[in-house]
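Enquirer: For reference, the chains in residue letters:
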Amino acid sequence: MKKLEIKALTENLSEVLAFIDKELEAADCSMKTQMQIDIAVEEIFVNIANYAYSPEVGTAVITIDVTDDAFVIGFSDCGIPYDPLAKPDPDITLSAEERSIGGLGIYMVKKSMDDVIYEYRDGQNILTFKKDR
Amino acid sequence: MEIKKTNKNGTLNVAISGRVDTTTAPALETELKGSFDGCEALVLDFADVEYISSAGLRVLLSAQKVMGKKGGMKLINVSADIMEIFDVTGFTDILTIV
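Heads up: the protein sequence lines correspond to chains A and B, in order. Counting along the first sequence from 1, when you hit position 132 you're at 132 in the working numbering, and nothing is skipped either side. Counting along the second sequence from 1, when you hit position 31 you're at 31 in the working numbering, and nothing is skipped either side.
Don't take each hint at face value.
[Claimed, not checked] Interface residues of chain A toward chain B, partial, derived using beta-carbon atoms under 10 Å:
hint	residue
1	L17
2	A18
3	M35
4	I39
5	T67
6	D69
7	V72
8	I80
9	P88
10	D91
11	A96
12	R99
13	G103
14	G105
15	S112
16	V116
[Said to hold, decoys possible] Derived pair list, reagent style DSBU-like, types lysine-lysine, alpha-carbon separation capped at 35 Å:
hint	chain 1	residue 1	chain 2	residue 2
17	B	K65	A	K111
18	A	K131	B	K70
19	B	K4	A	K32
20	A	K131	B	K74
21	A	K32	B	K65
22	A	K110	B	K8
23	A	K110	B	K4
24	A	K32	B	K33
25	B	K33	A	K110
26	B	K8	A	K87
27	B	K69	A	K22
28	A	K87	B	K74
29	A	K110	B	K69
30	A	K111	B	K74
31	A	K22	B	K5
32	A	K3	B	K69
33	B	K69	A	K111
34	B	K74	A	K110
35	A	K87	B	K65
36	B	K74	A	K32
37	A	K111	B	K8
38	B	K4	A	K111
39	B	K4	A	K7
For the record, the hints were derived by calculation from the structure and aren't laboratory data. Remember, predicted model here, so these are calculated numbers, not experimental data. Ideal Cβ placement from N, Cα and C applies to all residues, glycine included.
Here chain B stands alone, though its shape is the one from the complex:
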């Protein structure tokens, strides 16, 4: 997994690529936690995410809980296969996916 962050006018764009699984999710969590204070809104670019397991979903849920109280969190460029995982787990209702 790789993460690329760009902050523009208070909106942090985090482009994630590769696999978000049990072994990589903690790194994503650390990156996001370290960024909450420095941004108003969060955009997660999922264009290059190949795989997400429940460990990754947990990170998304806690990020949503924090950012929901601030300027919000959006997911962009989610593939059909990843979207199905969000559907099955009810995450399509929790997350803002555009």
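Isolated chain A, as found in the complex:
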């Protein structure tokens, strides 16, 4: 398992994605899967950067585990308890005029990853998702 500890700031997104992509590329991950994982990583990391410690700045820990049949990516932070999975899914059948701007990111994570788990443990938000290979 590889681990990155980084300040939860939006400007660190490219460094987070570089860390993830390096592992995915070493594991011969397909471009399509890599894009889906990057999107999911972006959504979760940016959420932590925007909300977990605001207005303070805190740390996020990101891990990636490449197994024979899946990529498992974990995020943890010590910010305010927040379960992003509890948010209701956006109604994707509405027209452009009726659609609201929010809620799309976490919905994309739920739809494109094979397993998404949230837990609050020992004062930490822990979100883990798995993408089958």
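Given the structure of chain A, go ahead and fit chain B onto it with the hints provided.
Expert: Structure of chain B alone, referenced to chain A:
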């Protein structure tokens, strides 16, 4: 991300290349907002878009809301991988993708 704009007879063609993510989407939004008044219709050329996250989708949605009341907005040259993102999020029903 790079943006190239061409205005022809009131139709603005915006060719986007690279990644449309949390860090680059605000620049795209600014470019598009600054162009709405000067065009009747908008064409977004997605041929060289490698990646779009929800931050980019939000920009597309607000552009669609504005241009839907004018001469419309079209997306062209959308790759299969990007199309799947539009499918998952219901954007294929909102956007005009040709």
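Enquirer: Evaluate each hint against the coordinates.
Expert: For each hint, the structure was consulted:
Look at L17/A: its Cβ gets to within about 8 Å of chain B, closer than 10 Å, so that hint holds up. Violation of the interface hint for A18/A is found here, the shortest Cβ-Cβ separation to chain B being roughly 12 Å, above the 10 Å cut-off. Using the Cβ-Cβ criterion of 10 Å, the hint placing M35/A at the interface with chain B is satisfied: the shortest such distance is roughly 6 Å. A least Cβ separation of about 5 Å between I39/A and chain B falls short of the 10 Å threshold, and the interface hint therefore holds.
Violation of the interface hint for T67/A is found here, the shortest Cβ-Cβ separation to chain B being roughly 24 Å, above the 10 Å cut-off. With a cut of 10 Å, the hint placing D69/A at the interface with chain B is violated, because the nearest CB-to-CB distance is about 22 Å. This hint is violated: V72/A has a C-beta 21 Å from the nearest C-beta of chain B, more than the 10 Å allowed. For I80/A, the interface hint is violated, since its Cβ never comes within 10 Å of a Cβ in chain B; the closest pair sits about 21 Å apart.
Restraint check, P88/A versus chain B: the minimum CB separation of about 15 Å is more than 10 Å; hint violated. Interface hint status for D91/A: upheld, as the beta-carbon distance to the closest one in chain B is roughly 8 Å, under 10 Å. Given hint, A96/A at the interface with chain B, holds; its Cβ is 4 Å from that chain's nearest Cβ, closer than 10 Å. Contact between R99/A and chain B, as hinted, is supported at the beta carbon level, the nearest pair being about 6 Å apart and thus within 10 Å.
Because the smallest distance between the Cβ of G103/A and any Cβ of chain B comes to about 9 Å, under 10 Å, the interface hint for this residue holds. Taken as an interface hint, G105/A checks out: its beta carbon lies about 4 Å from the nearest beta carbon of chain B, inside 10 Å. Using the Cβ-Cβ criterion of 10 Å, the hint placing S112/A at the interface with chain B is satisfied: the shortest such distance is roughly 6 Å. Taking 10 Å as the C-beta cut-off, the interface hint given for V116/A is violated, the closest approach to chain B being about 14 Å.
For a cut-off of 35 Å, the pair hint linking K65/B to K111/A stands: about 25 Å separates their Cα positions. With a CA separation close to 41 Å, the supplied pair K131/A and K70/B exceeds the 35 Å bound. For the hint pairing K4/B with K32/A, the CA-to-CA distance comes to about 26 Å; that is within 35 Å, so the pair holds. At most 35 Å may separate the alpha-carbon atoms for a hinted pair to count; K131/A and K74/B meet this at roughly 32 Å.
A C-alpha spacing of about 29 Å is found between K32/A and K65/B, which places the hinted pair at or below 35 Å, so the restraint holds. Using a Cα cut-off of 35 Å, the hinted pair K110/A and K8/B is violated, with the two alpha carbons roughly 41 Å apart. Between the alpha carbons of K110/A and K4/B the distance comes to roughly 34 Å, so the proposed pair stays at or under 35 Å and holds. Annotation: proposed proximity of K32/A to K33/B holds, straight-line Cα distance about 31 Å (limit 35 Å).
Our distance criterion of 35 Å between C-alpha atoms is met by K33/B and K110/A, whose separation comes to about 31 Å. Pair hint K8/B plus K87/A does not hold up; C-alpha atoms about 43 Å apart against a cutoff of 35 Å. For the hint linking K69/B to K22/A, the alpha-carbon distance of about 44 Å lies beyond 35 Å, and the restraint is violated. At most 35 Å may separate the alpha-carbon atoms for a hinted pair to count; K87/A and K74/B meet this at roughly 31 Å.
Under the criterion of a C-alpha separation no larger than 35 Å, the hint pairing K110/A with K69/B is consistent with the structure, at around 32 Å. The hinted pair formed by K111/A and K74/B meets the criterion: a straight-line CA distance of about 25 Å does not exceed 35 Å. Taking the CA atoms of K22/A and K5/B, the gap is near 33 Å; set against the 35 Å cutoff, the hint holds. Distance restraint check for K3/A and K69/B: the Cα-Cα separation of roughly 48 Å exceeds the 35 Å cut-off, and the hinted pair is therefore not satisfied.
A C-alpha spacing of about 31 Å is found between K69/B and K111/A, which places the hinted pair at or below 35 Å, so the restraint holds. Annotation: proposed proximity of K74/B to K110/A holds, straight-line Cα distance about 28 Å (limit 35 Å). Taking the CA atoms of K87/A and K65/B, the gap is about 24 Å. The hint holds against a cut of 35 Å. In summary, the hint linking K74/B to K32/A is supported, as the alpha carbons are separated by about 24 Å, within the 35 Å threshold.
Distance hint between K111/A and K8/B is unfulfilled; the C-alpha atoms sit about 39 Å from each other, more than 35 Å. Restraint check for K4/B and K111/A: satisfied, since their Cα atoms lie roughly 32 Å apart, inside the 35 Å limit. For a cut-off of 35 Å, the pair hint linking K4/B to K7/A stands: about 34 Å separates their Cα positions.
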